[in-house]
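Trainee: Please construct the entire structure, taking both the sequences and the accompanying hints into account.
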Amino acid sequence: MKRLLYLLSTTIGRKLIVALTGIVLILFVVGHISGNLTIYIGQSALNNYAHFLQTSPMLWVMRLSMLAIVMLHVALGVAVTQENSLARPESCHAGQSWYLHVYQRRMIISGLVLLAFIAVHVAHLTLGAGIGEVFRLKDASGHVDVYSRVVTTFQNAWIAWAYIAAMMFLAIHLKHTVRAVFQTLGFSRESYFEFLEFLSWMVTLAVVGGFISIPLSVQLGWLALL
Amino acid sequence: MIPDAHIPRGDLGDKWDNCLDSLHLLSPANKRNRSVIVVGTGLAGASAAATMSELGYRVDAFTFHDSPRRAHSIAAQGGINASKNYPNDGDSHYRLFIDTIKGGDFRSREANVYRLAQISGNIIDQCVAQGVPFAREYGGYLDNRSFGGALVSRTFYAKGQTGQQLLLGAYGAMNRQIHQGGVRLHTRSEMLELVLKEGRACGIITRNLVTGRIRRHMADAVVLATGGYSNIFHRSTNAFGCNVTAIYRAYKRGALFANPCFTQIHPTCIPVLHEHQSKLTLMSESLRNHGRLWVPKQVDDPREPRNIPEVERDYFLERKYPAYGNLSPRDISSRTVKEVCDEGRGVGAMKHSVYLDFQSAIEEHGLDFIEQRYGNLFDMYRHICNEDPYLRPMKIYPAAHYTMGGLWVDYHLMSNIPGLFVIGEANFSDHGANRLGASALMQGLADGYFILPQTIGHYFAEADAQPLALDDEVFDAAEQDATRRINRLLAVAGGQTVASLHRQLGDIMWHHCGMSRSEQDLCSAIDQIQELRDEFWKSVNVTGTSRDLNQTLEYAGRVADFMEFAELMCRDALAREESCGAHFREEYQNKAEARRDDERFSHVAAWAYRGEALPERFEEKLAFECARLMERDYR
Amino acid sequence: MNLVLRIWRQASAEVEGRFEDYPVSGISTDYSFLEVLDRINEDLVSQNQEPVAYEMDCREGICGSCSLMINGTPHGPRPATTTCQLYMRHFHDGQTITVEPWLSRATPVIKDLVVDRSALDRIMQSAGYISVHTGEAPDANTIPVSKSRADKAFVAASCIGCGACIAACPNASAMLFVAAKVTHLSLLPQGEPERSHRVRAMVVAMDREGFGNCSNHYECAKACPKSIPVSLIARLNREFQHAGLLGHEYGGPIHHAAHEE
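Chains as they are written, first to last, in our numbering: chain A, 1 to 226; chain B, 1 to 635; chain C, 1 to 261.
In case anyone wonders, no lab produced these hints; they're calculated from the structure.
One or more hints might be untrue.
Stated by the list, open to error - Here are the simulated DSBU-like cross-link-like pairs (lysine-lysine), alpha carbons at most 30 Å apart as the crow flies: (1) K31(B) <-> K15(B); (2) K252(B) <-> K538(B); (3) K591(B) <-> K102(B); (4) K84(B) <-> K159(B); (5) K197(B) <-> K159(B); (6) K538(B) <-> K152(C); (7) K222(C) <-> K159(B); (8) K320(B) <-> K591(B); (9) K147(C) <-> K159(B); (10) K252(B) <-> K621(B); (11) K175(A) <-> K222(C); (12) K297(B) <-> K351(B); (13) K159(B) <-> K102(B); (14) K147(C) <-> K84(B); (15) K591(B) <-> K621(B); (16) K152(C) <-> K84(B); (17) K102(B) <-> K15(B); (18) K102(B) <-> K621(B).
It should be emphasised that the depicted structure is a prediction, and the values quoted were computed from it without experimental measurement.
Mentor: If you want it as structure tokens, here you go:
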């Protein structure tokens, strides 16, 4: 504990914790998308998977620890960003373009957008805010009909495109993250850079592509209510 | 009068040990009561400050830079000599000693040079322990190379950045002492005056370059490690800030200035491409290992170098010095380059460079070999000159590089002013009339790490601490002098920039007191310098005030001292009626070869300031007991 | 060439600064960037105006004094080049070139283009050395060091401490500088005994100066005139985590000396 507090008192230590919580979050989104993709197997596959999760005795442990990890990640991310803006008060050089300025701040921007998205997303598809009747549907085996919930929701073009837009921010965030995590944890050499860059793109494309594919498929009519 | 040089008794090899044995020691408690001011934080200054603090003295270190690691020692490229004999090629203290004495053309003290050779190995040990990443062989042991025409490989190096790495080592050692509180570092502080009390050095006056504040500092001894004065030539390989001010101020307070005319001109530098060029960049001497120097035989030959056939090329060093050829020592090479340019056969836009050609080396050894060996130097040349040295031969010209002259010191590195010590390039001691490659780093660190910290204790043990306060009248007077000079500079408000006056001074010195000198030239130079100096004080324009960062004022102060010192340099060159080392007098030569006059000039010339009157010249006889006086013959 | 230099002028840290345009004509492409500034300054002095204050010394790319933000890039557009070795042939005729100081909280302006970089020295003073008294050292060849290790240490040691990495970093982080210094000494066997203490002390010193964090943009390495690789930052992270989590010296006090001037 003493050592953890010591780490928290230094910039490198704080960044280490941002990176470690980041890894958990990456693993979470990878798990999340893997589960979501069962939607393509069929209604019962997704609903069974959801049932398995919801009835798991670990459900609340997982939910609370994810909440804690997100909070820690965000809190330290915001703190680090604040330190950074303090360190460079005159943030923009005359010779520097505005888009470079925005680009260099993409992590905090995309991070805050994602935080807002997570709040909305949890309220929306997990707690059922604004969904109405569909939220209470059950399927043939008596499981909660998550499949219909998802498809009905994404049949609304506004919601579908809002989710897709949010996933673009996830893409921005993830793309930076993968290589950065290795750097921050100290596993980085010049000779790894190309591979890590490749890995960054792969993880980003796989995760974000998977997430986007669902609202897109619904909009294109590939996924429909049965 | 020159005081006794305190050369210890005994055989040459025993002198340093005998000296150490005879030094008076201070108790640890007494060391803590003694304070030292070190001006300059290059290799010599930083190593001395660190080591003296380790011994327990209270040290105040001063640099006019923002950080000690900006000192110009950092730019030394080639390497550092040491007689370790790791390559087993027959090197010894004696050989390093004799090479250095001979390289200096028998104008340095035997005892000092032998001590330098003895200490050289300890320097390498010390630097390696500090983490200096010297070049190594695959087995993990230190690599050596032969440098500057030496017949043995004794040069330790860290790529082309040896000076940087050594300085970072000394800087680290000093940082450790700063951290522990033994050294107080004063950055952006320029020394303007030396303060004496009853004939002993007791403090300095500095100007804080940011606030303009004039401050007094007192100590039991003052060490000057302020480097050389090659910038008197305006363009040189030195950094912009390098100046003579600290040692010249000390000279005006009574310190003897020894051999001021011994200035080294380095043969392989990138030539002047345009009139406003500010810097002459050194190209490593190692290029001459495979490059061949030539000029067209015909005056004003307009052809491209590649179109000039072999028979119409003059490989002048190979022709004149067949034994050493392109590897002839620095002074000889530089002078020969100047000769052929003076004949009108120089090449390049301003007609004063010569070709350094790698074509035959590429043909003989292959492009890969040359690229591997000199690739980074070729890149540097291409970057600066925008020409590809693989396609067109390089153009090079000599440039002022190092000053062997400096304040006179005895064997203890103390000047004739008790309590004033001078180390590194700022003193005159070890290089005689010409310095060999890779010797400057060695001398700076020998002085700073191993010699001064020992000998200064002897001074403290002999001289009682003087009671003194910063409001003593000697400080009042010195501060007034410093302030008066600043105000005088600001008051001129004439029509010429400092840079243009400096340029004019540089021209006079380069043409009259550079690589080759004559009575007529030197006399005319003295007249011109006096005129220019009057002009300086009538027409220099120093803008701004003295109360903040004013780089023009700093520069003006340094150039003002150059204006006075230049005359001393010429007078020394005039009085030395012989040719030796880097000092070449046209009247004293045998068929274009330097003619040394050991009968009349086997001595150190030390000059004393005499106010309005001409400076007075003293001689310290040089006795050679071990080294046999011989003519330097590289033919 | 004819050019306009738009230069940041600021009389002192206490007053507001502003840009001023300085046209300069008849520049040869062989001029270095600093020689153009010299020309402008000579012209200014001739008109009895105060010249532009800027730092430089060796003019051969090794002392690390020169420090200009040229068109938004530290040391200008050419990679692996210091301002003093930047030549005008890399600009085009008629160009307006913006010249700014390297501003950050830890490196405040002193005057015009001169900033105070003493924070870097204070980091070095905290532990950037190997503790060896003069005279203690064993023979230089006592400990062999593999060539590859020595060469890597050299790459790190070639840092000239100019601060371009900090200027380039959107967060004004000094991680590349500290990484270079820590790596240099930690790779060598001579630096091993103090390895753990050194990295902790230097990171704490860095934090005290108010530099930002590394957020992995790697602008620092692109701006570095000595091409110090960004992988050294990973090494610094590793060194620090190792020392902080596993280092047996954990808990030892880290002293900071008081500094004058």
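Trainee: If a hint holds in the structure, say so; if it does not, say that too.
Mentor: Okay, the hints, checked on the actual structure:
Between the alpha carbons of K31(B) and K15(B) the distance comes to roughly 25 Å, so the proposed pair stays at or under 30 Å and holds. For the hint linking K252(B) to K538(B), the alpha-carbon distance of about 22 Å falls within 30 Å, and the restraint holds. The hinted pair formed by K591(B) and K102(B) meets the criterion: a straight-line CA distance of about 21 Å does not exceed 30 Å. In summary, the hint linking K84(B) to K159(B) is supported, as the alpha carbons are separated by about 19 Å, within the 30 Å threshold.
About 47 Å separates the Cα atoms of K197(B) and K159(B), which puts this hinted pair outside 30 Å; it is violated. Our distance criterion of 30 Å between C-alpha atoms is broken by K538(B) and K152(C), whose separation comes to about 56 Å. Distance check on the hinted pair: K222(C) and K159(B) sit about 22 Å apart at the alpha-carbon level, within 30 Å; holds. Taking the CA atoms of K320(B) and K591(B), the gap is near 11 Å; set against the 30 Å cutoff, the hint holds.
Our distance criterion of 30 Å between C-alpha atoms is met by K147(C) and K159(B), whose separation comes to about 13 Å. Between K252(B) and K621(B) the CA atoms are separated by roughly 24 Å; this keeps the pair inside 30 Å, and the hint holds. The straight-line distance between the Cα atoms of K175(A) and K222(C) is roughly 20 Å, inside the 30 Å bound, and the hint therefore holds. Simply put, K297(B) and K351(B) have alpha-carbon atoms about 14 Å apart, close enough for the 30 Å limit, and the pair holds.
For the proposed pair K159(B) and K102(B), the alpha carbon gap of about 27 Å is at most 30 Å, so the pair holds. For a cut-off of 30 Å, the pair hint linking K147(C) to K84(B) stands: about 20 Å separates their Cα positions. A hinted pair counts as satisfied when its Cα atoms are at most 30 Å apart, and K591(B) with K621(B) qualifies at roughly 28 Å. For the hint linking K152(C) to K84(B), the alpha-carbon distance of about 25 Å falls within 30 Å, and the restraint holds.
With a CA separation close to 20 Å, the supplied pair K102(B) and K15(B) stays within the 30 Å bound. Annotation: proposed proximity of K102(B) to K621(B) holds, straight-line Cα distance about 17 Å (limit 30 Å).
In terms of the numbered hints stated before, the structure departs from hints 5, 6, listed from lowest to highest.
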